[in-house]
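Number of protein chains: 2
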Amino acid sequence: MKWVYIEDIANYKDQDVEIRGWVYNKRSSGKIRFILVRDGTGLIQSTMYSAEKDHPLFFKFDELTQESSIILRGTVREEKRASGGFELNIKDLEIVQIAEEYPITPKEHGIPFLMEHRHLWLRSQKQNAVLQIRTELIKAIRDFFDGRGFRLMDTPILTPSACEGTTTLFETEYFDQKAYLSQSGQLYNEATAMAFGKVYCFGPTFRAEKSKTRKHLIEFWMVEPEVAFARLDDTIELAEDLIVFIIGRILEKKKKELEILERDTTPLEKVKAPFPRITYDDAYKLLKEKGSKMEYGDDPGSPEETLISEIFDTPVAITHFPKAIKAFYMQPDKDRPDLVLGVDILASEGYGELVGGGQRIHDLELLEQRIKEFNLPRDAYEWYLDLRKYGSVPHSGFGLGIERTLSWICKIKHIRETIPFPRLLYKIYP
Amino acid sequence: MKWVYIEDIANYKDQDVEIRGWVYNKRSSGKIRFILVRDGTGLIQSTMYSAEKDHPLFFKFDELTQESSIILRGTVREEKRASGGFELNIKDLEIVQIAEEYPITPKEHGIPFLMEHRHLWLRSQKQNAVLQIRTELIKAIRDFFDGRGFRLMDTPILTPSACEGTTTLFETEYFDQKAYLSQSGQLYNEATAMAFGKVYCFGPTFRAEKSKTRKHLIEFWMVEPEVAFARLDDTIELAEDLIVFIIGRILEKKKKELEILERDTTPLEKVKAPFPRITYDDAYKLLKEKGSKMEYGDDPGSPEETLISEIFDTPVAITHFPKAIKAFYMQPDKDRPDLVLGVDILASEGYGELVGGGQRIHDLELLEQRIKEFNLPRDAYEWYLDLRKYGSVPHSGFGLGIERTLSWICKIKHIRETIPFPRLLYKIYP
Chain U
-2 MKWVYIEDIA NYKDQDVEIR GWVYNKRSSG KIRFILVRDG TGLIQSTMYS AEKDHPLFFK
58 FDELTQESSI ILRGTVREEK RASGGFELNI KDLEIVQIAE EYPITPKEHG IPFLMEHRHL
118 WLRSQKQNAV LQIRTELIKA IRDFFDGRGF RLMDTPILTP SACEGTTTLF ETEYFDQKAY
178 LSQSGQLYNE ATAMAFGKVY CFGPTFRAEK SKTRKHLIEF WMVEPEVAFA RLDDTIELAE
238 DLIVFIIGRI LEKKKKELEI LERDTTPLEK VKAPFPRITY DDAYKLLKEK GSKMEYGDDP
298 GSPEETLISE IFDTPVAITH FPKAIKAFYM QPDKDRPDLV LGVDILASEG YGELVGGGQR
358 IHDLELLEQR IKEFNLPRDA YEWYLDLRKY GSVPHSGFGL GIERTLSWIC KIKHIRETIP
418 FPRLLYKIYP
Chain B
-2 MKWVYIEDIA NYKDQDVEIR GWVYNKRSSG KIRFILVRDG TGLIQSTMYS AEKDHPLFFK
58 FDELTQESSI ILRGTVREEK RASGGFELNI KDLEIVQIAE EYPITPKEHG IPFLMEHRHL
118 WLRSQKQNAV LQIRTELIKA IRDFFDGRGF RLMDTPILTP SACEGTTTLF ETEYFDQKAY
178 LSQSGQLYNE ATAMAFGKVY CFGPTFRAEK SKTRKHLIEF WMVEPEVAFA RLDDTIELAE
238 DLIVFIIGRI LEKKKKELEI LERDTTPLEK VKAPFPRITY DDAYKLLKEK GSKMEYGDDP
298 GSPEETLISE IFDTPVAITH FPKAIKAFYM QPDKDRPDLV LGVDILASEG YGELVGGGQR
358 IHDLELLEQR IKEFNLPRDA YEWYLDLRKY GSVPHSGFGL GIERTLSWIC KIKHIRETIP
418 FPRLLYKIYP
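In order, the protein sequences belong to chains U and B.
Here the numbering used here is used: position 290 in the first sequence is 287, and no number is missing along the way.
Here the numbering used here is used: position 244 in the second sequence is 241, and no number is missing along the way.
Rather than coming from a laboratory, the hints here were simulated on the basis of the structure.
Treat the hints with caution; some may be incorrect.
[Unchecked claim] Label pairs and their calculated CB-CB ranges:
# : chain 1 : residue 1 : chain 2 : residue 2 : range
1 : U       : P374      : B       : Q122      : 31 to 37 Å
2 : B       : E365      : U       : H52       : 35 to 41 Å
3 : B       : E206      : U       : S121      : 38 to 44 Å
[Claimed, not checked] Derived DSBU-like pairs (lysine-lysine); straight-line CA-CA distance at most 35 Å:
#  : chain 1 : residue 1 : chain 2 : residue 2
4  : U       : K(-1)     : B       : K23
5  : U       : K175      : B       : K408
6  : U       : K386      : B       : K(-1)
7  : B       : K424      : U       : K323
8  : U       : K386      : B       : K88
9  : B       : K175      : U       : K123
10 : U       : K136      : B       : K410
11 : B       : K267      : U       : K(-1)
12 : B       : K253      : U       : K386
13 : U       : K424      : B       : K250
14 : U       : K386      : B       : K104
15 : B       : K175      : U       : K207
16 : B       : K331      : U       : K88
17 : B       : K104      : U       : K136
18 : B       : K331      : U       : K57
19 : B       : K386      : U       : K23
20 : B       : K212      : U       : K175
21 : B       : K424      : U       : K207
22 : U       : K250      : B       : K250
23 : U       : K175      : B       : K175
24 : B       : K410      : U       : K386
25 : U       : K77       : U       : K23
26 : B       : K269      : U       : K(-1)
27 : U       : K323      : B       : K(-1)
28 : U       : K424      : B       : K386
29 : B       : K386      : U       : K252
30 : U       : K123      : B       : K136
31 : U       : K175      : B       : K424
32 : U       : K175      : B       : K386
33 : B       : K57       : U       : K331
34 : B       : K175      : U       : K410
35 : U       : K323      : B       : K175
36 : U       : K386      : B       : K23
37 : U       : K253      : B       : K136
38 : U       : K424      : B       : K424
39 : B       : K10       : U       : K136
40 : B       : K267      : U       : K104
Glycine included, every Cβ here is placed at the ideal spot set by N, Cα and C.
Model the full assembly from the supplied sequences, consistent with the hints where possible.
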């Protein structure tokens, strides 16, 4: 008998198939026994019917505990009342293992308990739905860039120098030297963009920040495109197109999972390009009108981001930030040299920053001067300066955080649920 | 005028377009000037013609140095004699930057020099070809697994415990604890496989090995699938199908790049499933016949792998290894408990191990015993043991190293050329 996955069950109507999975739930009703089976790709209601109380299958049914592993053989039947529209009429049940008493039951558990049992919590329907969407989100991002001819160029995790100081970096011994875990592939992207035209990297990044908020992970995934000859406006358009594309894909392909999460998709359906674009100065004025206490020149924090996102009901792009709150490599605005050509894109519904990026300095002297101003060790940046000596061109790019984006798409309260094994402040188990 | 990339040039025959790129080479011949331009997606010959010596475009041409950045506008013409079949008749040349004297010239450079200039070396045609194939290889791998319904489940890089001892691990402070950089996502894959049925992780892995060979990188990328209910034979088939699929894809899509690398593709065309399968005992006998000094029970090293791969002219699968040379989680053979159900797949042409994997222990008591025998800290593995308490099932998987596979596909001597920024013993710049 053919082993099939539950997500493909509609292709096997009225056929005999084998399903391998785990008991999600079971119940009896007179002469019928129901097993709700999960196999990781879906759930299916499976039924046994017998007029005789001592039917051998019923004895096996009685043994089953939550999460016991089983192999079911039976016939696929259309059943309008069943979720998914199909059920399995069981002909044979093979028990692989009777599970010990499962720690996660339908009753409420505290978050610390669930986090300690993350390896099991992943099996529950809601966690499963979030991570199924994650899989599709990452595929959508790759499809977007691959479809536009971007070259995936993996950037190193172990790096000799730091983008923005060493206080939030994980450090390790690298034979006779020190190395740091990468917080961004951007500097390396700039080198590969000059070699391949348009590139992206997509990997884990690390911030050893002592912040314990619902928006921070210590280890998170980020996609970072970089395009030679692209300017600030080009990179904003690229980011908008990306966000519109991924939202469209999730709405199309992950309806079922969004329903499981009870996500009202109305705000997502409103995500259309172009997004409203405001400058930092505009944002500052809006914040003042809303009563914010932020001073001009401050980096907008989480409360300010929430205030701004409440004004617009789609994502919004903020540009032209004061030089002092952005990284050394940001291209100054030629009319307002106190501002840089950076962009942050905030999600709607108060989910904060999804994208950070902008145009990079392409002038050698200006970059040398900025490295000095930031007291960065020049020799560590020699290769980075080389990019400004040998055919330098204006270029731009951005980073989009996967878990932040997924939190917003799923409207999840805490980012810890958006990655299989979250790394949080002091938390590294399992 | 429309900015187009060179790889798309065939779509713009007889049209005026703009190309943005860098001077790869230039030469004069009477009234014609030739610029070979690269834009990261390809090379195109561009020509200027004028009867007048003092044509303004010619003065600009004279200024150009290798790797100067330029914007060309002109008409795309079919030209059988030009590589790629098209050339650009230049109407306008805009100089973005005249490059300083470029350090990498057509003359031979030593490897240490090229490695110090890796950020520029990437621009040369051969390096570009290798990494264009890398991009396609990674896409092919993802397409293979996504197409078969595998869920991408990213596993953590920062881990509290070690798979196989701590001597080859990078260590870092994780707030009040120690953490190690992951060498494999497998243990976590086993948890996600029980939650999602069939999964893969695909990320960077780290080995702090003091080995300086042409097959070792300190930081390398690995794809690792894991399937619940799959046994050794299933995982060998999956690995064979994967290898056949990716080789087929590269042969189909990356002809031009393989030609640039002067890769004789005959050995790759022979890659068909099933591969020859031999046991460790068979391999030992074959090695003895070939005069190898390996003792029974030793782990076959690089010379042994080369000997074996010379016997077969396709990849070969070796199975059923002595328990002592494999990891603690490997399922023993029920007829020969001194052997485990592991598999290594060796590439052809002496390229050594591409795949390592096998069936994992699913019995709780046996796994507990093995953890004791290996002196592993039981509490670090508590969650891993849980997978054997709650619906344990036989399961299998493997890891395939991206850079090893790419070395073989490109027939490259040293693995350092298969990743944009290689990390080698003592080498972490740029």
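Is it true that the CA of U:K386 sits at most 35 Å from the CA of B:K(-1)?
holds (27 Å)
Given the hinted pair U:K250 and B:K250, is their alpha-carbon gap at most 35 Å?
Answer holds: U:K250 to B:K250 is near 28 Å, not above 35 Å.
Need the status of pair B:K212, U:K175: alpha-carbon distance at most 35 Å?
Holds, at about 24 Å.
Holds or violated: U:K175 and B:K408, Cα atoms, limit 35 Å.
Between U:K175 and B:K408 the Cα gap is close to 33 Å, so the pair holds against 35 Å.
Tell me if the straight-line CA distance from U:K323 to B:K175 falls inside 35 Å.
holds (32 Å)
For the pair we were handed, U:K386 and B:K88, check the Cα-Cα distance against 35 Å.
Judged against 35 Å, a Cα distance of about 27 Å means the pair holds.
If you draw a straight line from the CA of U:K386 to the CA of B:K23, is it 35 Å or shorter?
Roughly 19 Å between the alpha carbons, so the hint for U:K386 and B:K23 holds.
Hinted pair, alpha-carbon criterion (35 Å max): U:K77, U:K23. Please report holds or violated.
Given pair U:K77, U:K23 holds - Cα atoms ~20 Å apart, limit 35 Å.
Does B:K104 lie within 35 Å of U:K386 when you go C-alpha to C-alpha?
holds (21 Å)
Would the hint linking U:K136 and B:K410 be met if the CA-CA limit is 35 Å?
holds (33 Å)
Given hint U:K207 paired with B:K424 - CA-CA distance at most 35 Å:
Holds: B:K424 and U:K207 sit about 31 Å apart, inside 35 Å.
Against the range 35 to 41 Å, how does the distance between the Cβ atoms of B:E365 and U:H52 compare: consistent or not?
holds (37 Å)
Violation of the numbered hints given earlier is confined to hints 4, 13, 17, 32 and 40; the remaining hints are satisfied by the structure.
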